[in-house]
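Visitor: Top line first, the protein sequences correspond to chains A and B. First residue of the first sequence: 966, per my numbering; consecutive thereafter. First residue of the second sequence: 966, per my numbering; consecutive thereafter.
Hints were generated in silico from the structure; no laboratory data involved. Keep in mind that a hint or two might mislead.
[Unchecked claim] On the chain A side, residues computed to face chain B include the following (Cβ under 7 Å): (1) Pro-1081; (2) Asp-1083; (3) His-1112; (4) Gly-1121; (5) Ser-1125; (6) Tyr-1129; (7) Thr-1131; (8) Gln-1141; (9) Phe-1175; (10) Leu-1182; (11) Ala-1205.
[What the hints assert, rightly or not] Quick list of simulated restraints, FRET-style, between CB atoms: (12) B:Pro-1045 / A:Gln-1214: 25 to 31 Å; (13) B:Asp-1103 / A:Arg-1208: 34 to 40 Å; (14) B:Trp-1151 / A:Trp-1151: 36 to 42 Å; (15) B:Ser-1119 / A:Asp-1187: 32 to 38 Å; (16) B:Val-1241 / A:Thr-1111: 22 to 28 Å.
Note that CB positions come from ideal geometry on N, CA and C, so glycine has one too.
Protein chains: 2
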Amino acid sequence: MTRPDWIAVDWGTSHLRAYAMRGTDCLDRAQSSDGMGTLAPAAFEGAFLSLVGGWLLDNGPLPVIACGMVGSRQGWVEAPYRSVPCAPVGGPLVQAPTRDPRLHVHIVAGLKQTRPADVLRGEETQIAGFLARNPGWDGVICLPGTHSKWAHVSAGEVVSFQTYLTGEMFALLSEQSVLRHSLSGWNAAGFDAGLAQGLERPEWLLARLFALRAEGLVAGLDPATARARLSGLLIGAELAGARPYWLGQRVAVIGADGVAMLYAQGLRSLSVPVTVQDVTEMTLAGLSAARALLPQKTETSCAR
Amino acid sequence: MTRPDWIAVDWGTSHLRAYAMRGTDCLDRAQSSDGMGTLAPAAFEGAFLSLVGGWLLDNGPLPVIACGMVGSRQGWVEAPYRSVPCAPVGGPLVQAPTRDPRLHVHIVAGLKQTRPADVLRGEETQIAGFLARNPGWDGVICLPGTHSKWAHVSAGEVVSFQTYLTGEMFALLSEQSVLRHSLSGWNAAGFDAGLAQGLERPEWLLARLFALRAEGLVAGLDPATARARLSGLLIGAELAGARPYWLGQRVAVIGADGVAMLYAQGLRSLSVPVTVQDVTEMTLAGLSAARALLPQKTETSCAR
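Model the full structure from these sequences, guided by the hints.
Guide: As structure tokens, this is what we get:
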């Protein structure tokens, strides 16, 4: 069996995903729900070993390149934010403390912006992956998720970025609010209607949210239409707010299949040229790019 | 001791408030956390008796007039919505089933609107109270709360109304979202700044929410300013959306002291003439007006 020569890791608040890599090829993958949100710093190494122990070699340390909230102040080790404008990933990577001699763990830093204040962790790696695959690309990258990110990219650097609470808002409203009893399933026409409303009148968002419940009570609105309309209202309002980002630009959407398609639909309705990219592919390409920042052992040895 | 001749009740999802009344005078008050949200229909009478049993008379039934979610489908008995345009309260009131002969419970119906779909329960009584105190008043009534209501009132009727999810949104974001660790206390200047931002750019709401956390991380934003700014952002966005309601109108704000003052501040910053009214006073005046809808026993006897 081919042995990996490094491990790629995407470690967020609620998930841990690891990939056994040989060069840029992915040999194997594993994931668990050991998100960094539930772990104390001392517990990171154990959680990681229990997932990837089978991939490790006895004859020397395997490099591990990790991105995401694992590098936050509450993570395995803090990888301080780098300030934009800057390349999406840059050295040196921050090494995490480990007891097991078979591991050398390096963490990719997130990015920060001072005015307006903003931060991201994990998305810098996806942006780096996209730029590695598309050298010289200029435009805007949209990364939907719990906290959607929009980034202006030019000359290989992230120039500015902005975060929207859209995904978390959808989860809060559909699971914890008074609307939760009125929402279930998905009806695409409901999404279309909500998207149009959100784009046209983002300032009516707080009123149109309650209308989802009221229409259920007095006009028999079905829960599948209501839930899809909620998604459309929120994404529409985000796109209306992000106009300074996409206006006159081409946009690459990097995200999980379903949500990326919803954003692409919204952008196309605004005549914005859109390409959609798979988030895992971009993450692995970005971690590969980050790996190239490590000191090259062989060359170093030769130079001695 | 003066005995009450009726009992006024405001029974919402999370609270039960009762007032021992003689005419329009309040002799005593009592409240508990037996909101209708936690009670099965069969449990309403017991919860009510345990709060007000001491006020009841042995020599005949005491009329009880109740408003709020107690009249919803999940309440003591459903008091079906009345359709606007209509007077805020109107007869006949719906009688709730009781076993105790010392009680005659009458429930005020809520209001509904078909297009755009909307509903309210409880606020119709506060509006009726305001109109009873200010006969012939035309204008807009704003009722801040978990679900803020705006109502156009003319010629003694509610012409139209609209609900905003603002209060619930503040609770969700400050208690359940990623922002919760960044918010604590209150700084009035933060409210002013958020109000101005929310009014000017309501479409940037989803981005400015995440900025509350990001500014804490990269620029040391203090939690008291952040929490007040969140409130200002949401109320500002609501006021921007409610422009068709307040533009060129006079506005009466009916609400609990603190939140009513915040809405009044926002409206005054827009040069809208505002009067602020105490919510309990309006509720009692409205329940008194509803009581006048009951058939007058003495007169009925004489007519026989």
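Visitor: Are the hints correct? Go through all of them and say.
Guide: Against the structure, the hints come out as follows:
1. Of the supplied interface hints, the one on Pro-1081 of chain A holds, with its beta-carbon coming within about 6 Å of a beta-carbon of chain B, less than 7 Å.
2. With 7 Å as the threshold, the beta carbon of Asp-1083 of chain A comes within range of chain B, its nearest partner Cβ sitting at about 5 Å, so the hint holds.
3. For His-1112 of chain A, the shortest C-beta to C-beta distance to chain B is roughly 6 Å, which falls under 7 Å, so the interface hint holds.
4. Restraint check, Gly-1121 of chain A versus chain B: the minimum CB separation of about 23 Å is more than 7 Å; hint violated.
5. The interface hint given for Ser-1125 of chain A is violated, since its Cβ lies 12 Å from the closest Cβ of chain B, which is over the 7 Å cut-off.
6. This hint holds: Tyr-1129 of chain A has a C-beta 4 Å from the nearest C-beta of chain B, less than the 7 Å allowed.
7. Restraint check, Thr-1131 of chain A versus chain B: the minimum CB separation of about 5 Å is within 7 Å; hint holds.
8. Residue-level restraint check for Gln-1141 of chain A holds (minimum Cβ-Cβ distance to chain B is 6 Å; threshold 7 Å).
9. Taking 7 Å as the C-beta contact cut-off toward chain B, the hint placing Phe-1175 of chain A at the interface holds, the least distance being around 4 Å.
10. Taking 7 Å as the C-beta cut-off, the interface hint given for Leu-1182 of chain A holds, the closest approach to chain B being about 5 Å.
11. For Ala-1205 of chain A, the interface hint holds, since its Cβ comes within 7 Å of a Cβ in chain B; the closest pair sits about 5 Å apart.
12. Checked against the given bound of 25 to 31 Å, the beta carbons of Pro-1045 of chain B and Gln-1214 of chain A, roughly 52 Å apart, lie outside it.
13. Against the hinted window of 34 to 40 Å, the Cβ-Cβ separation of Asp-1103 of chain B and Arg-1208 of chain A comes to about 39 Å, which satisfies the hint.
14. Taking 36 to 42 Å as the suggested C-beta distance range, the pair Trp-1151 of chain B and Trp-1151 of chain A conforms, at roughly 40 Å.
15. For Ser-1119 of chain B paired with Asp-1187 of chain A, a C-beta distance near 34 Å keeps the hint of 32 to 38 Å intact.
16. A C-beta distance of roughly 39 Å is found between Val-1241 of chain B and Thr-1111 of chain A, which places it outside the suggested range of 22 to 28 Å.
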